[in-house]
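**Q** Hey, can you work out the whole structure from these sequences and the hints?
In the order they appear, the protein sequences are chains A and B.
Each residue of the first sequence is one higher than the one before, starting from 1 at the first, in UniProt numbering.
Each residue of the second sequence is one higher than the one before, starting from 1 at the first, in UniProt numbering.
No wet-lab data here; the hints were simulated from the structure.
Computed from a prediction, not measured in an experiment: that's the story for all the values here.
Idealized CB from N, CA, C, for every residue including glycine.
Possibly wrong hints are sitting among the right ones.
[Claimed, not checked] Output of the computed footprint for chain B on chain A, the stretches with three or more beta carbons under 8 angstroms from beta carbons of chain B:
| hint | segment |
| --- | --- |
| 1 | 278 to 289 |
| 2 | 336 to 350 |
[What the hints assert, rightly or not] Far from chain A, by Cβ distances over 12 angstroms, these chain B residues were calculated:
| hint | residue |
| --- | --- |
| 3 | D3 |
| 4 | L22 |
| 5 | D92 |
| 6 | S167 |
| 7 | A194 |
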Amino acid sequence: MSETNPDILPAGLADLLPPRAEQAARLTRNAMDVFAGHGYDRVSPPLVEYERSLASRMQGTGRQHLFRMVDPTSMRTLAIRSDITVQVGRVATTLMASAPRPLRLSYAGQVLRIASDQLAPERERLQIGAELIGHDNIAAAQEVVRIAIEALSQAGVSGITVDLTLPDLVDTLAGTAFPLVPTEISSVRRELDMKDAGGLTALGADAYLPLLYAMGPFEVAITALAAIDAGGVLASRISALRQIVAGLPDDVTVTLDPTERHGFEYQSWFGFSLYAEGCAGVLGRGGTYAIPDGKGGEEVATGFSLYPDGLLDMELNGGDGSAGKLFLPLGHDRAVAARLRAIGWRTLAALTDSDDAVALGCTHRLDGNETIQL
Amino acid sequence: MADTLIFAIPKGRILDDALPVLARVGIEPAPEFHDPKNRSLRFRTNRADMDIIRVRAFDVATFVAHGAAQIGIVGSDVIDEFDYSDLYAPVDLNFGHCRLSVAEPVDEAGGHQPRPSHIRVATKYPNITRRHFERQGVQAECVKLNGAMELAPSLGLARQIVDLVESGRTLKDNGLVETEVITQVSARLIINRAALKKDHARLGPLMSAFRDLAAEQRQAA
Numbered sequence: 001m002s003e004t005n006p007d008i009l010p011a012g013l014a015d016l017l018p019p020r021a022e023q024a025a026r027l028t029r030n031a032m033d034v035f036a037g038h039g040y041d042r043v044s045p046p047l048v049e050y051e052r053s054l055a056s057r058m059q060g061t062g063r064q065h066l067f068r069m070v071d072p073t074s075m076r077t078l079a080i081r082s083d084i085t086v087q088v089g090r091v092a093t094t095l096m097a098s099a100p101r102p103l104r105l106s107y108a109g110q111v112l113r114i115a116s117d118q119l120a121p122e123r124e125r126l127q128i129g130a131e132l133i134g135h136d137n138i139a140a141a142q143e144v145v146r147i148a149i150e151a152l153s154q155a156g157v158s159g160i161t162v163d164l165t166l167p168d169l170v171d172t173l174a175g176t177a178f179p180l181v182p183t184e185i186s187s188v189r190r191e192l193d194m195k196d197a198g199g200l201t202a203l204g205a206d207a208y209l210p211l212l213y214a215m216g217p218f219e220v221a222i223t224a225l226a227a228i229d230a231g232g233v234l235a236s237r238i239s240a241l242r243q244i245v246a247g248l249p250d251d252v253t254v255t256l257d258p259t260e261r262h263g264f265e266y267q268s269w270f271g272f273s274l275y276a277e278g279c280a281g282v283l284g285r286g287g288t289y290a291i292p293d294g295k296g297g298e299e300v301a302t303g304f305s306l307y308p309d310g311l312l313d314m315e316l317n318g319g320d321g322s323a324g325k326l327f328l329p330l331g332h333d334r335a336v337a338a339r340l341r342a343i344g345w346r347t348l349a350a351l352t353d354s355d356d357a358v359a360l361g362c363t364h365r366l367d368g369n370e371t372i373q374l
Numbered sequence: 001m002a003d004t005l006i007f008a009i010p011k012g013r014i015l016d017d018a019l020p021v022l023a024r025v026g027i028e029p030a031p032e033f034h035d036p037k038n039r040s041l042r043f044r045t046n047r048a049d050m051d052i053i054r055v056r057a058f059d060v061a062t063f064v065a066h067g068a069a070q071i072g073i074v075g076s077d078v079i080d081e082f083d084y085s086d087l088y089a090p091v092d093l094n095f096g097h098c099r100l101s102v103a104e105p106v107d108e109a110g111g112h113q114p115r116p117s118h119i120r121v122a123t124k125y126p127n128i129t130r131r132h133f134e135r136q137g138v139q140a141e142c143v144k145l146n147g148a149m150e151l152a153p154s155l156g157l158a159r160q161i162v163d164l165v166e167s168g169r170t171l172k173d174n175g176l177v178e179t180e181v182i183t184q185v186s187a188r189l190i191i192n193r194a195a196l197k198k199d200h201a202r203l204g205p206l207m208s209a210f211r212d213l214a215a216e217q218r219q220a221a
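**A** And the structure:
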């Protein structure tokens, strides 16, 4: 085998270069400022933890995607985090177990998974989120959805769509109005997830068919959902969804897809995903869930995570906010330069008299007190 | 959203059956589409907001899963092989019927030898094949071929093959016999998950039209 380039990065990993790295930092800063403004306190858990602790709080297939290694100190298995939410869950139910509830925490950092696929080839992602621990009621859901939207729009994202879902709906209906034996539940859920009407009929689960048609723009879908006679099981959910939607900004498109399960493996009664115009995939997900406290009990919570990597190549409203790059020739007045920086200029000071302002990307040159366009 | 919708349809087997179905929901490709000399891959339609692309069956699923096309028609074999999480397959269009089967040389089939723990299979469907044999406790080593699977057993490439079977004619002509049906296959409508959420105004009615059409045809049958 021929020698490969020693500097090539492993598959699914990439350097963030200018201006993408700056965009990532700006998105993070904006979102964290929004969270802080709403009373969320930042926590910053470590990159690596004992695998057992991380995996015990993960549901579904997540734990298969952990990078693992052996800790030479303790000889126990370590794992690199693939989801900061579970770390925040650990912090909330252990170190901050006695902090007053509701506990509002926020976080931002890189996460890693061991395997990727063709659709999502990246193995490292930026995760930004906020969790409200101690409540999973309507008020908590309202707050969390509003803050998620605010974080995106503050970052200049426009054309936002929020898709609402009821993650445990099938389980609830299977135990009450539309009985299913436990072995059928996963097949029914799969067909619902694929939106496959024929598949549902083939399973003899025709009762679930109307759920497929209760998707789309919120008003239309919620009316269709309300028309399903499920013996009152749905009524409280419908009313809750209406209350959540009532408080959302007008320029946000709201859709409903009550049987969406994809990405909602651990959520309970309420879930939502965020999309933006011009960005192909989902930007973030959230909802209500329960954190296992490690002692057999659990604590309810509501929260969301954004995965904004899809936004790094987009032109966002509000841009990078810089007035331009100003070249400072040798012997310039430092006080003038400092004043200009204070009003938003980025300056680039000459180190030799052969420094080329244009080649270095400057838009202006300082001449005395004047900025001259290049 | 005024972006052009891209409808992906596969070359080959499914195409001839798909065109009348498209016509029934009001989508007609531009005349160039039917010109065999035309080498374009993308065509206008009678809808100003929709173009059709004609690609290989496996690529239909890939284009739609990535959101490069928003909607398409493809065999359920392709959907099962990729198992893309970002695809909806809301409608069984009830044409393009065939099955995905295991076949092996006539003279070796039957008999009741114990199953080996490891076999070699020539196929275009390595994921479905691996999953199928895994369920039987057999580790299948797949030799990925893109066509002419039927040659593999006689030339010693693999003893078994997994391939689409329509009439069974090709198998017979090559001295093979179908030993097991893995799954029945038919054409499905597929839609990109994110696109359906963001552009339900256009994709929702299309989905309903295909659904109504399929229901109507099932009732007529």
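**Q** Look at each hint and say if it fits the structure.
**A** Comparing the hints with the structure gives:
1. 278 to 289: holds (count 3)
2. 336 to 350: violated (count 0)
3. D3: violated (9 angstroms)
4. L22: Fine: 19 angstroms to the nearest Cβ keeps B/L22 off the interface.
5. D92: The claim is violated: B/D92 sits with its nearest Cβ about 4 angstroms from chain A, within 12 angstroms.
6. S167: Non-interface label stands for B/S167: nearest chain A Cβ at 24 angstroms, farther than 12 angstroms.
7. A194: B/A194 is in fact no farther than 12 angstroms from some Cβ atom of chain A, at 6 angstroms.
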